[in-house]
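*Asks:* Residue strings, one per chain:
Number of protein chains: 4
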Amino acid sequence: MGYQEIIEDLYKSVKREENIGSLASFIPELGKVDPQKFGIHLITTDGRAFGVGDYEEKFSIQSIIKVPSLALAYKIMGESLWARLGYEPSGTPFNSLVQLEHDRGIPKNPLINSGALVICDILISKLENPQEDFLHFMRKASGNPTIAYSPQIAESEKSVGYRNIALCNFIKSFGNIENDPDEVLDFYFNQCSIELTCRELSEAFLFFANFGVVPSSGDRIMTGSQVKRINAIMQTCGFYDESGEFAFKVGLPGKSGVGGGIVAVHPGQYSIAVWSPVLNKKGNSYRGVKFLEQFTTRTELSIF
Amino acid sequence: MGYQEIIEDLYKSVKREENIGSLASFIPELGKVDPQKFGIHLITTDGRAFGVGDYEEKFSIQSIIKVPSLALAYKIMGESLWARLGYEPSGTPFNSLVQLEHDRGIPKNPLINSGALVICDILISKLENPQEDFLHFMRKASGNPTIAYSPQIAESEKSVGYRNIALCNFIKSFGNIENDPDEVLDFYFNQCSIELTCRELSEAFLFFANFGVVPSSGDRIMTGSQVKRINAIMQTCGFYDESGEFAFKVGLPGKSGVGGGIVAVHPGQYSIAVWSPVLNKKGNSYRGVKFLEQFTTRTELSIF
Amino acid sequence: MGYQEIIEDLYKSVKREENIGSLASFIPELGKVDPQKFGIHLITTDGRAFGVGDYEEKFSIQSIIKVPSLALAYKIMGESLWARLGYEPSGTPFNSLVQLEHDRGIPKNPLINSGALVICDILISKLENPQEDFLHFMRKASGNPTIAYSPQIAESEKSVGYRNIALCNFIKSFGNIENDPDEVLDFYFNQCSIELTCRELSEAFLFFANFGVVPSSGDRIMTGSQVKRINAIMQTCGFYDESGEFAFKVGLPGKSGVGGGIVAVHPGQYSIAVWSPVLNKKGNSYRGVKFLEQFTTRTELSIF
Amino acid sequence: MGYQEIIEDLYKSVKREENIGSLASFIPELGKVDPQKFGIHLITTDGRAFGVGDYEEKFSIQSIIKVPSLALAYKIMGESLWARLGYEPSGTPFNSLVQLEHDRGIPKNPLINSGALVICDILISKLENPQEDFLHFMRKASGNPTIAYSPQIAESEKSVGYRNIALCNFIKSFGNIENDPDEVLDFYFNQCSIELTCRELSEAFLFFANFGVVPSSGDRIMTGSQVKRINAIMQTCGFYDESGEFAFKVGLPGKSGVGGGIVAVHPGQYSIAVWSPVLNKKGNSYRGVKFLEQFTTRTELSIF
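Residue numbers (the working numbering), protein chains in the order written: chain A, 4 to 307; chain B, 4 to 307; chain C, 4 to 307; chain D, 4 to 307.
Some hints here could point you the wrong way.
Identical copies look the same in the list; a pair holds intra-copy or inter-copy alike.
Listed next, the in silico DSSO-like pairs over lysine-lysine satisfying Cα-Cα at most 27 angstroms (straight line) [claimed, not checked]:
id, residue 1, residue 2
1, LYS18, LYS61
2, LYS284, LYS61
3, LYS252, LYS78
4, LYS35, LYS285
5, LYS161, LYS40
6, LYS252, LYS129
7, LYS40, LYS15
8, LYS18, LYS35
9, LYS252, LYS15
10, LYS129, LYS78
It is worth saying that the hints were derived from the structure and are not from the lab.
With the hints as extra help, turn the sequences into a complete structure.
*Replies:* Below you can see the structure in the form of structure tokens.
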């Protein structure tokens with residue numbers, strides 16, 4: 004059975020079951036999304052593409068952007084990046100602040116909010132026009148010249164972003180933010196506001212499945228070794244305190260966002276993006292996790 | 004270049020460099036080991052075997068036994084096992100007790116001490132003769148009828164095991180230990196006392212690289228899906244708070260012990276065991292991590 | 004209005020109201036007590052005594068014994084005692100273990116379980132016959148030659164004492180327990196098992212209200228300065244994480260036990276003991292706190 | 004020996020000893036103060052006043068203002084105040100954020116920064132002109148019409164106030180700040196900027212020693228019961244994680260500030276203010292604590 008049949012089949016069966024959880028209504032704009040939206044798109048490193056459901060509809064990718072943001076900072080800084088943050092799983096969210104305090108402002112990894120704020124700070128220090136340069140990087144990596152920030156969503160997040168403001172100022176108090184916290188937060192909220200379709204998202208992550216090269220253009224975005232290391236970080240840290248569960252049940256490196264998107268890569272094989280905005284208790288897409296769990300079981304293709 | 008040349012080459016180059024760290028001298032018996040011991044053994048799923056250095060010398064595998072112990076409990080209990088403990092990375096050791104308190108005695112995963120104690124408790128409840136039955140399981144999985152406990156090492160650990168006694172009684176206070184804490188601790192210390200050579204250790208873990216089947220005997224130890232899930236747990240939780248680093252630098256599921264052993268598996272390919280008793284600050288073999296990092300770089304074979 | 008009228012009056016009004024909470028049924032023997040028991044006894048430094056209700060009935064004083072135990076250790080060790088533990092309030096119980104870990108086995112103060120275990124360890128190291136010598140001290144301080152341990156209650160506590168076993172072994176793992184944890188725990192459980200009446204308890208604490216001297220015998224138990232300092236510790240640490248509330252509402256140094264007893268002292272004036280076994284959520288006697296709050300309001304005598 | 008002789012005597016002997024610690028140089032303006040400044044002023048409830056050293060020189064009272072700020076909020080809100088924050092000691096500073104997280108944004112007490120921010124928020128909600136009304140309250144309580152904010156110091160604190168910004172936004176994220184965090188922080192920094200002399204400070208706190216009445220004017224600021232309760236909070240929470248030590252060594256309710264000031268009250272007797280800007284490791288005036296310890300030892304007047 005080919006990928007198209009499998010994803011259509013699983014799409015139907017997952018859609019038949021109850022959709023359990025809630026929208027990310029703490030961000031006003033995300034609370035307005037139709038909870039029944041459900042799309043999947045898979046693209047292989049040799050160029051075949053498969054889609055089902057609402058895979059051509061844009062959604063807010065939110066924290067998924069932390070991976071490309073890390074990629075750009077890692078490309079610029081190399082291993083010196085790790086003086087500013089770690090690459091260890093973070094344990095429970097409960098401990099996030101006590102760990103920052105214990106580690107004197109050094110975030111555990113780049114895929115939690117504190118780490119992503121430090122990455123934004125690094126990009127501001129190193130790039131001439133951080134906001135534009137980052138978009139340029141995203142466009143090149145995905146072969147998609149239309150990628151842009153969504154001012155409306157960025158504004159919506161800012162209006163309720165007290166915890167991120169707290170985090171950024173807390174890290175600044177330890178000296179691990181170089182720039183003005185307001186500027187760092189502004190960049191961070193803009194990054195989180197990017198909207199992509201499942202197709203665009205799977206394309207934007209294909210170079211992570213292809214050892215650093217965009218298959219369509221042949222552009223090398225980063226070295227194969229760097230990509231492997233980012234995949235390892237996605238595997239161990241990509242799903243907050245559910246990272247172990249995602250490795251356990253799905254067995255692929257990936258990243259989720261509170262907009263209901265999940266992207267995962269199978270190195271050497273494919274990149275897959277799923278979107279369904281209803282979130283489980285840990286803040287990951289309920290149907291997205293379910294679909295991917297059944298998908299790797301059915302294809303018998305996990306990295307383990 | 005074949006595996007034998009690569010491991011000999013890396014063995015020599017790692018041995019030339021300084022050996023930085025210290026023995027696990029908090030356990031008296033482990034403090035007596037020659038710090039310069041260094042052995043490697045790799046065995047492929049199709050039966051080829053490669054060794055270098057002290058790979059035929061026995062050492063205390065310590066926490067590595069937590070993986071087979073988990074395997075037996077998972078085989079017996081199936082998914083109901085996860086009512087008693089999680090499969091999420093634990094974050095910093097600093098948080099171990101506060102997490103147990105926060106989670107009312109439910110350990111984060113089976114590869115930290117608290118989780119392994121709960122696994123021992125389960126095996127005591129479910130097996131007729133826990134200590135003998137576990138040895139039997141180990142012998143069958145490894146094809147090695149000589150595996151045995153080392154009373155001298157077990158006694159040595161018991162004499163300084165205050166923190167494990169604390170953990171076990173703390174979990175008992177939440178009701179997540181069913182049996183007498185002393186009995187659980189006795190089984191736990193016995194498990195940790197097992198001594199294997201690098202060759203034996205790589206053989207004992209080969210079924211994890213072979214989807215649940217011991218290649219030499221054709222015995223199925225557990226299902227392919229169960230083995231994948233244990234591999235995922237090794238990947239995210241196998242190296243305490245250095246699990247992210249091991250995934251990042253080595254890119255294979257594995258498990259370390261304070262005796263200086265590390266075992267790692269490449270699903271579908273091989274199992275590899277390394278032993279060098281000098282530990283880095285996180286309690287993992289300094290040369291073991293170094294060797295494996297260079298090994299997967301050289302062979303360009305990580306799962307990512 | 005004199006003390007006798009006031010305590011009778013408040014006894015009646017508090018008894019009329021509902022008795023909200025539960026017995027300390029986690030210790031089997033304490034779960035068997037009649038929840039409606041209620042007694043009060045006050046004795047002044049100039050020898051006047053006033054009682055109401057069940058003030059001549061024995062009850063298990065439990066943690067209240069931590070104060071005389073501290074007093075004896077302080078008398079023996081002087082200020083060098085504070086190398087082994089602190090005299091700061093402990094914050095929430097939630098943090099007790101993380102604080103011990105953070106402070107490398109140094110308890111925050113002598114009136115929480117971890118601190119009392121360290122005090123027991125010190126007494127074992129310093130006294131020839133710790134168990135007998137401690138009884139002798141108690142008998143002299145209270146002018147009561149009948150004080151004795153209750154083997155039945157001690158046994159009952161031991162049978163469920165997993166958390167104290169955990170604490171003692173945890174502290175031992177940091178090296179801050181010198182003796183065998185089992186011996187320390189045995190002494191600790193024996194201390195907690197002592198039973199006194201309200202009259203006996205108020206008498207035993209009278210020297211804390213009289214600058215170190217037992218009024219009836221003229222015996223100086225410790226210096227005035229030492230007694231002031233122990234009173235300060237009672238004030239800031241005597242009621243677990245409700246110490247602030249007790250200072251706020253009652254305004255006297257005191258100590259509570261899960262047997263439902265509370266003793267408080269007004270320096271230069273009196274010692275008062277109250278007993279009612281139903282506990283509030285923080286583990287302090289519901290009616291005991293209520294009575295004392297109204298008592299200091301009525302007498303307009305708090306230390307503040 | 005009278006108060007004047009005692010304070011002069013102790014002033015000389017404390018001044019002869021080394022001054023150990025450092026200025027609060029994390030706030031630029033406070034780092035410019037002459038470290039050898041040392042002043043003391045005591046005023047009794049019956050109007051006698053005694054001063055020595057630099058007691059007529061203004062200094063930044065910093066956190067000491069948290070007590071009058073609490074007093075005004077308590078006067079306005081009564082016991083309903085305690086729905087917004089607690090009155091328990093906070094334990095180690097290490098735990099401050101984890102406690103806020105655990106308690107869902109409810110600070111442990113009004114004398115730590117998080118609690119003082121909530122008090123500021125309450126005053127903003129309840130007062131017509133919060134900044135002016137608070138000055139008015141301070142002027143009336145102290146009988147001193149010249150009390151004013153210091154814009155230069157407020158600005159200096161704002162410029163490095165990242166941790167307070169973090170705290171305020173963190174509490175806001177739990178909904179326990181009603182107003183705009185920037186407005187709350189502005190008021191907070193203004194409060195902390197007030198400068199007083201030792202004489203003025205001791206006068207401003209005299210009503211806490213006089214059951215709520217300003218002796219000179221006869222003005223009742225709050226009820227006797229309310230004052231007792233604030234004194235109890237000062238006793239258990241006034242010196243951060245050194246509150247136990249201050250109770251232990253000094254035995255009076257009091258409050259310190261990082262400007263090097265300490266004020267303490269003996270109910271029914273006197274109010275005393277000490278200023279010496281060199282701080283010990285816990286952030287309390289080194290000479291201030293030393294002087295007060297010897298003062299209560301010499302006068303044999305502690306509340307215990």
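*Asks:* Evaluate each hint against the coordinates.
*Replies:* Going down the list of hints, with the structure as the test:
no. : hint              : verdict
1   : LYS18 <-> LYS61   : within (19 angstroms within a copy, 54 angstroms between copies)
2   : LYS284 <-> LYS61  : within (24 angstroms within a copy, 47 angstroms between copies)
3   : LYS252 <-> LYS78  : between (31 angstroms within a copy, 17 angstroms between copies)
4   : LYS35 <-> LYS285  : within (20 angstroms within a copy, 43 angstroms between copies)
5   : LYS161 <-> LYS40  : within (25 angstroms within a copy, 46 angstroms between copies)
6   : LYS252 <-> LYS129 : between (38 angstroms within a copy, 26 angstroms between copies)
7   : LYS40 <-> LYS15   : within (13 angstroms within a copy, 57 angstroms between copies)
8   : LYS18 <-> LYS35   : within (20 angstroms within a copy, 56 angstroms between copies)
9   : LYS252 <-> LYS15  : within (20 angstroms within a copy, 39 angstroms between copies)
10  : LYS129 <-> LYS78  : within (11 angstroms within a copy, 52 angstroms between copies)
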